[in-house]
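There are 2 protein chains.
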Amino acid sequence: MNERMKSIEEMTQALRDAGIRVTRQRAALLSVLAEAGDHPDAPELHRRAEAAVPGISLSTVYRTLSTLESQGVIQRHQFEGASARFESAETDHHDHMIDVDTGEVIEFASDRIERLQAEIAAELGYEIVHHRMELYVRKTSDS
Amino acid sequence: MNERMKSIEEMTQALRDAGIRVTRQRAALLSVLAEAGDHPDAPELHRRAEAAVPGISLSTVYRTLSTLESQGVIQRHQFEGASARFESAETDHHDHMIDVDTGEVIEFASDRIERLQAEIAAELGYEIVHHRMELYVRKTSDS
DNA sequence: AACTCACTTGCAAGTCATTTGCAACAAGAC
DNA sequence: GTCTTGTTGCAAATGACTTGCAAGTGAGTT
Ligand SMILES: [Mn+2]
Ligand SMILES: [Mn+2]
Ligand SMILES: [Zn+2]
Ligand SMILES: [Zn+2]
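Listed in order, the protein sequences are those of chains D and Y.
Residue 9 in my numbering sits at position 9 of the first sequence; the count goes up by one each step and never skips.
The number in my numbering is simply the position in the second sequence, starting from 1, with 143 added.
Some clues are possibly wrong.
Distance condition first, Cα-Cα at most 20 Å in a straight line; then the derived SDA-like pairs of lysine to any residue [said to hold, decoys possible]:
1. LYS282/Y / GLU123/D
2. LYS139/D / LEU259/Y
3. LYS139/D / ILE120/D
4. LYS282/Y / VAL129/D
5. LYS139/D / ASP242/Y
6. LYS282/Y / THR23/D
7. LYS282/Y / LEU124/D
8. LYS139/D / LYS282/Y
9. LYS139/D / ILE271/Y
10. LYS282/Y / ALA122/D
11. LYS282/Y / ARG132/D
12. LYS282/Y / LYS6/D
13. LYS149/Y / GLY162/Y
14. LYS139/D / GLY162/Y
15. LYS139/D / GLU270/Y
16. LYS149/Y / GLN25/D
17. LYS282/Y / GLU114/D
18. LYS282/Y / TYR126/D
19. LYS139/D / HIS273/Y
20. LYS282/Y / ARG115/D
21. LYS139/D / LEU267/Y
22. LYS282/Y / LEU116/D
23. LYS282/Y / ILE120/D
24. LYS139/D / TYR269/Y
25. LYS139/D / ARG275/Y
26. LYS282/Y / HIS130/D
27. LYS139/D / HIS274/Y
28. LYS282/Y / ALA118/D
29. LYS139/D / GLU257/Y
30. LYS139/D / LYS149/Y
To list a few chain Y residues with every Cβ distance to chain D over 12 Å, as calculated [unchecked claim]:
31. THR166
32. GLN168
33. SER174
34. GLN221
35. GLU230
36. GLU233
37. THR234
38. ASP238
39. ALA261
40. ALA264
Quick caveat, the hints were computed from the structure, so don't treat them as lab data.
From the three backbone atoms N, C-alpha and C, an ideal C-beta is built for every residue, glycine too.
Using the sequences and the hints given, assemble the complete structure.
If you want it as structure tokens, here you go:
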């Protein structure tokens, strides 16, 4: 969270400017996602959003998540063998470690790795559009 | 391809030793995968295997791919927005770049990144079981 | 070579996460 | 408040893969 974080008002205005209506359903999901400290999937976001908008449908959740993703407001992660998980894009870039025993998702960031990735791509004549790095890990048995 | 590459005979014997029968279908897929220089998906492997075993079914291809993967003979990759792709495990570890314009898959390896990943995991008390690193790239517009 | 039988296969049907067609609904510009 | 057009809920469709089952076949055994 280095750059100034957009307020909900700024985000909704940005959406409106893009011709996207800020419906109750979308506002609810925006707020749920802004408050989430984890990486929930669509059914879980649906559950959380129902508190603010009873009757919101799962398809609307899916549709809204796609919309918000294409607006760059949220990020979608497809970890191995799991359904898609989401998080607000209002954070600095980071990658993830998944504890293969517990399923816990741990965030981390490494400027050195990011730099090396860019270097490698450049050497081959490419520039990185985006990337994905996931470490599937297990607690060290410090025996 | 640093360590000595297993011959088809050695691989099939290893499978038999694991109680896995080397059927015509499985032999065909093993050979198709050994000869593939790319990262084909199941329907493509099915197509290629049909040359050796006419009538082989797509479900058998899927079942065999799962079996071979669990035997560590092949690797499964799930790139963004695509169905699973496979490659023989008879290569040294490497990661992939995907050209977002053409879909081309480019292999690369970086000891430095691999080392950094292990370091980061270790710092947090974890050891890496396996990982996934994909760079989605675009040819540099050298203008 | 014949025998045996647990492992495999082809086919049809099933899963499951996610998407989509459509008529009723509701943002938000005027 | 009215109007226009994007949105929603619901049910049905998708697409990639998985699975039940009866017939078929590796490969150890005699
Ligand atoms: Mn995260
Ligand atoms: Mn590869
Ligand atoms: Zn990163
Ligand atoms: Zn790697």
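How the hints compare with the structure:
no., hint, result
1, LYS282/Y / GLU123/D, "holds (11 Å)"
2, LYS139/D / LEU259/Y, "holds (17 Å)"
3, LYS139/D / ILE120/D, "violated (30 Å)"
4, LYS282/Y / VAL129/D, "holds (10 Å)"
5, LYS139/D / ASP242/Y, "violated (35 Å)"
6, LYS282/Y / THR23/D, "violated (39 Å)"
7, LYS282/Y / LEU124/D, "holds (9 Å)"
8, LYS139/D / LYS282/Y, "violated (39 Å)"
9, LYS139/D / ILE271/Y, "holds (9 Å)"
10, LYS282/Y / ALA122/D, "holds (9 Å)"
11, LYS282/Y / ARG132/D, "holds (18 Å)"
12, LYS282/Y / LYS6/D, "violated (32 Å)"
13, LYS149/Y / GLY162/Y, "holds (19 Å)"
14, LYS139/D / GLY162/Y, "violated (32 Å)"
15, LYS139/D / GLU270/Y, "holds (6 Å)"
16, LYS149/Y / GLN25/D, "violated (56 Å)"
17, LYS282/Y / GLU114/D, "holds (18 Å)"
18, LYS282/Y / TYR126/D, "holds (4 Å)"
19, LYS139/D / HIS273/Y, "holds (13 Å)"
20, LYS282/Y / ARG115/D, "holds (18 Å)"
21, LYS139/D / LEU267/Y, "holds (9 Å)"
22, LYS282/Y / LEU116/D, "holds (17 Å)"
23, LYS282/Y / ILE120/D, "holds (13 Å)"
24, LYS139/D / TYR269/Y, "holds (4 Å)"
25, LYS139/D / ARG275/Y, "holds (18 Å)"
26, LYS282/Y / HIS130/D, "holds (13 Å)"
27, LYS139/D / HIS274/Y, "holds (15 Å)"
28, LYS282/Y / ALA118/D, "holds (13 Å)"
29, LYS139/D / GLU257/Y, "holds (18 Å)"
30, LYS139/D / LYS149/Y, "violated (33 Å)"
31, THR166, "holds (27 Å)"
32, GLN168, "holds (25 Å)"
33, SER174, "holds (28 Å)"
34, GLN221, "violated (7 Å)"
35, GLU230, "holds (17 Å)"
36, GLU233, "holds (22 Å)"
37, THR234, "holds (18 Å)"
38, ASP238, "violated (9 Å)"
39, ALA261, "violated (9 Å)"
40, ALA264, "violated (5 Å)"
Checked against the numbered hints given earlier, this structure breaks hints 3, 5, 6, 8, 12, 14, 16, 30, 34, 38, 39, 40; the rest are met.
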